[in-house]
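Novice: Listed below are the residues making up each chain.
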Amino acid sequence: MSDPLPSALDDIRILDLTGQIGAYCTKLLADLGADVIKIEPPEGDATRLIGPFYHDEAGPEQSLLFYNLNTNKRGITLDLEDEGDRERFRKLAATADIVVESFAPGYLDSLGLGYEGLSKLREDVILTSITGFGQWGPHAGYLAPDIVGVAMAGIMWLAGDPQDPPNVPCAYQGYVCASIQAAGGTMMALYHRDATGEGQHVDVSMQEALLIAEETAMQTYDMNKIVRSRTGGRTSVPFPVPGIGPYEAMDGWVFSYVGTPGGAPWPEMLRWLEEEGMAEDLSAAPHREVIEQLNLRFLTAIALDKDLREKSVGTLERIGEVLSAFFKSKSKWELYEQGQRRRLLIGIVSTPEDLAKNPQLIARGWYQDIDHEQLHDTLRYPGPPYRLSETPWRIERRAPLLGEHNAALGPR
Amino acid sequence: MTSTLPLTGINVADFSWFAAGPICAQTLGTYGATVVRVESESHMDGLRGVGPFPTGKTGYNVSGYYNNYNVNKLNVTINMNTDKGRDLALRLVRWADVFITNITPRVIERWRLTYDELLKERPDIIAVYQPMQGYDGPHRDFLGFGAVLTPITGFSHLTGFPDRPPAGLGTNYPDYVINPGHTLVAVLAALRYRRRTGKGQRIELSQLESSVAAIAPAVMDYTVNGRIETRAGNRSPYAAPHGAFLCKTIKVSTPFGEADEQRWCAIACLSDEQWQSLRRTMGDPEWARSDRFATLAGRKEHEDDLERGITEWTSERLDTEVMETLQAAGVPAGVVQNARDILESDPHMRERGYYVYLDHPEAGHNAYDGPGFRLTKTPAQYRTPAACLGEHNFQVATEILGLTPDEIADLMAEQVLY
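Chains as they are written, first to last, in this note's numbering: chain A, -18 to 393; chain B, 30 to 447.
Any given hint could be a false lead.
One side of the interface only, derived from the structure: several residues of chain B facing chain A at Cβ under 8 Å [unchecked claim]:
#1 Tyr94
#2 Pro195
#3 Arg221
#4 Leu237
#5 Ala295
#6 Ala368
#7 Leu387
These are calculated hints, taken from the structure and not from any lab test. C-beta: ideal position from N, C-alpha, C; glycine also.
Pulled out of the complex, with its shape left as it was, chain B reads as follows (with noise of 0.2 Å):
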């Protein structure tokens, strides 16, 4: 294990809210680098108003999804609608080696905190703007976060059944991985070309875009073939079966009392030795046997029966056994898992401790998300948990903003530090 993190020494200036931004930070916050977050009385972060809350507790400190996307960092709050405000800002810049922010187009405009207006303050800084359209382009100033994002992209009209209405995928997708990760292989690049040159730069992650690059084949099959493919339930061309079969219910224990719970696993056979696998670790039933299914082509026509079949063995066994037996008999099997199951019972999960736990001043004793990968010689530092809000206002005003007690104390008065 080595001492130093590999961003040990990068100062961010993280300006972003909601997930996009704020997820990057993170990251690059766990892996050294020394994240000062911007937010304000008169504009917060928006999450810091959404549940999930702790049991009994409320407030703008506690939010388990805005804490989740906060660690390592210092939080200052200044209110950017003051000419000593953006002052402020922009003696943070000079400090900063990377400046982001997921804020909409005109307002960051409005806050002068363009490229061109950074540059005068720091010519080496790589500032990282994430809008949701683009600065440019017609569609510019639509309003949008993921919940949006995920309709426009694509990803709703592609996923799900094909009797459903288009509704997504439950949660606002593209905004936890694929866009704060695309933005993360950008700022490493960027920070490792500062590095050789010196030179800063730009970099402009549309979330428009980046989502629609992640859907990229089905988006060729429009462009190259005039295909305008839609949503087809959990089948693949490729596997048969391939899908979340039924397996027993379950009694779980609830806030509200005892519930039955439906349990699935998903199997997929790849090849026709995998569904001879699945056919023997079935125990080999007589519908199984039929040549219908003996091959992909088979398999596909015959469908529904297939399914059938499978469900009848899969509904008399829990969801774990399912799995673990077709997986020791080369089948691939996944129990779809829950929160709870992840949290409290996959023993995968647990030996291998992605979950951290912080003790929040405010919230209590709370899991958060671990490392997306993982550096085996440096790895990923959760030292702190999410900063409450203006926390670090006295330390960032004076070591890093160069301010006395006393203007500190003005500037908190006339509402600039606020």
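Chain A on its own, in the form it takes in the complex (with noise of 0.2 Å):
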């Protein structure tokens, strides 16, 4: 390798046998200079076949999301099923640390390289299996896609409107969480293997590395007795709360929590809206005496009592009213940088575009340009989730052609 900087993973080389859902896993450790050598069968990764593609042309070569799940990965093609290939993996299996996979429970055993198998090639390997339901239980058989793990893990129950079907997360949250508390059991093993020598099977559950995701749905059940249901972004009180929720600016959304601890309070919102000349009648009686107590116990004391609650409820939707007014005549941007700057907690809800274009990512150089020379071209990347001073996440090699190392690391 060219570059000069440290590695924490540099002595480390994994094999990769993992499909979608194990391949961040890898990813992660391959950008901390682990040398990870990704086994495909020999028609390819299924994940090669998943868009977004490159311009659009859909083929095996042409996957962005299989581009940005195999960074720094080589790669090689070897059928399990057939015994010379099997005698190739074994002697890589010799040579590996780490084996990370995601067959369903049984499979490497069946073939004579489950944890006994490899352990017998490599004393102390690491063997990660990520799989929908983990290595064991009454599960552990199912087929698990992205969208089961989502759904039997509680976290779509939590997610979208009432009126609809429960939500899948975007871009296949279980996959990627299975992976990041994977990539944390791998490098947990590893660590314990440097000291004492002893290798070990780490075993993941999507199901279960979901879980904790469910913020306090299972304590609120556990405590209360009460399941935590999807409310669609609104809070869960009988009555309009401005200035809480998503609202429309003039080109897009922005999520306020205006008036919750850790933002300036309510009043600097109405400040900023009569220096805009639209707060309407909201300076005046009845308005603002509620405005100047508009918080969450001042809320809760409405929720509680329900003679405050009739004589409020025609003010607070009033304030709603000019406050949806002045979000929908400002752009997006200008709601979430201005607001921001008078520490009102306003997000913006931002498309890709206003993350490619967002200009904190730009300042501080996250996006990375990486070169992709069969294609003539250079693409642009998510950049690192984290960064390490002396050992740097980087990636120093797009993901792999189809069995483009094979002739290098000689299994054919």
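Got two chains here, separate frames each, mind docking them using the hints?
Specialist: So, in structure tokens, the structure goes:
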């Protein structure tokens, strides 16, 4: 490698047998410097056929999803159903510190290449297995694409509008979380191996990997026997709460948390409306008095006190109307940047275009331009999830073409 | 089983709060690290004030939200707005292998806990900062927490049905796995590097950057193809059906009496074979035999009809029956479970024993999330429930900070250990 910077994992070789559920795990380790050899079946990893595709041209060498999941890896093809290829795999396995796989539980065992088989080839091997439900238990054999994982882990139940079916989170969050947890588990096992010489099997279940992302749903049921459900982003109180929730801007959306702790209080929002000449009647009674005390404590009091609620609802609705009109009159970036400079908790609802143009990401040089010489093009990738000062994350190599390193690694 | 865990002997000074920091530090603790969580009466973790609370209990030691992210930790209260408090913090840094904080850069700088300052105390420290946006850049001091992070990072725009507002995932989603999980990988890499070279380092995880990294395909569809993807409901270009299907409504008991509960089962056919299996499992109804549905392209074209037909079948059945029948026939399916299902009735969860029950002196006997990954020889340990605020002040002050009882008494009186 030409890069003179040191790496945390440059002495580590990983054999990557994963499909889409596990590819982000090995990418994280490869981007920290591990020598990751992606082993695909002769027809190629199925992830190669998942889009989006480069210039929308579908094909196994064109998947942007595959590109991103497989940076820094080398690639070879092996047919594990074939004894000759299995022998090649065994030779490689003897040189590998870590094997990561996502086959159905028991499949590698049936080939003699499960943890027991691998540890005969390499006593201190770490085998990380990433599946929908883990290596054992009544659902271990269940088929589990991303949607099944996020459904069974309670994530879908919490997402969406009550009038719709529960929502699937975007961009394969079941796979992403399973892979992140697997990378943590693999690193933990490696740290242990370095000290003790003892390898082990790391078992990652997509369902378990996601469960802590139910937020408080589990504890709410455990402690109060109440099932938290999807709310469509609205507060659960039975009256309008101005300033909390998604609001339309002139050209998109923002999400507002004005009046909650951590940001400037509602009167600052009123000052902004007044400065822009859009406060309408909010500067006067009875609206101003409500705005002065419009915080979570006041809202709780309204929720508990029917008389106060009946007295306040009209005012709250009016405040909401004026606020909506104000948001609608400005662009999402104006609302985000100007609101934040007033310490109002307003977030832009970023589209992918907004992310690409985000001044913060650009100023910090986050995006990475990676050369794809076979496309005669340079593609812009998401950058580091973390920045390590001594052993930095980096992309040195685009994802491998199918079988690109067969010759170099000598399997055929 | 080995008696030592991977991180036995590693000391962690946990100056974080809310979720992204404490969850990472908790994971280090469950795998053997000694974690000292620093709070203060004047700067306690905001989650202590947020429910759920055990029925009939209140106070800042019983929040299920807070407690779930703080098992195994010692808790000390140090008033960082005093010079003596800062001295105590630096003593803790001298003890620590890992320092972690997600408190906003402005405050960390005011407290002088930046990497340069920590290096003076502990040259091989691994110092972990998890700012919302980063320690530099034009948005450095923007406010935020998970609820604002979800829209800012693109999750809200991309999730849900196209005719609905971008409501997000119903949670502060990146706070729980994406950001603490990424941080864990970085910390373990740094620990490994330090063991090989003796060198510590600074880790910065911008929560914005870490979260956007988790939606890479949509980002690259724009940066490479110029397409602005938008939320498209539950459907997938690569599978049909692909969604949550309405099943039979059930009766459940709630604290407010018996209630109806809508139930759903996720179903996905990633291949024509899986569709054929689904069709047969549904009893091969007339509508499903149509050639329109034989290929993925056809099912995508007629997806409204496809979903209507499948719903006719699922709505007559219990969600669990739909899942079990379809899985037995080789069709990916999973109940859209809620917290009650997962905690109480999911047979797989029960057999794997994911949830951990701990007895807390004030909160009582409660469930805690278990490990997000399982190490077969060195499994995570959940030894003690979340600590009460300042519970270990005396122990930490004597055993770790090396103070005498007289010094401790003075510092308590001066509201430094406070």
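Novice: With a cut-off of 8 Å on the beta carbons, see whether Pro195 of chain B makes it to chain A.
Specialist: Check passed: Cβ of Pro195 of chain B comes within 5 Å of chain A, closer than 8 Å.
Novice: Take the shortest C-beta to C-beta distance between Tyr94 of chain B and chain A; is it under 8 Å?
Specialist: Holds: closest Cβ of chain A sits about 5 Å from Tyr94 of chain B, inside 8 Å.
Novice: Taking the least C-beta to C-beta distance, is Ala368 of chain B closer than 8 Å to chain A?
Specialist: Status holds, d = 4 Å.
Novice: Identify whether the interface hint at Arg221 of chain B stands, where standing means a beta carbon of chain A within less than 8 Å of its own.
Specialist: At 5 Å from the nearest chain A Cβ, Arg221 of chain B passes the 8 Å test, so the hint holds.
Novice: Answer holds if the nearest beta-carbon of chain A is closer than 8 Å to that of Leu237 of chain B; otherwise answer violated.
Specialist: 7 Å, holds
Novice: Given Ala295 of chain B as an interface hint, is the shortest Cβ-Cβ distance to chain A below 8 Å?
Specialist: With Cβ-Cβ at 4 Å, under 8 Å, it holds.
Novice: Under 8 Å is the threshold here; is the Cβ of Leu387 of chain B close enough to any Cβ of chain A for the hint to stand?
Specialist: Check failed: Cβ of Leu387 of chain B comes no nearer than 11 Å to chain A, outside 8 Å.
When held up to the earlier numbered hints, the structure conflicts with hint 7 and nothing else.
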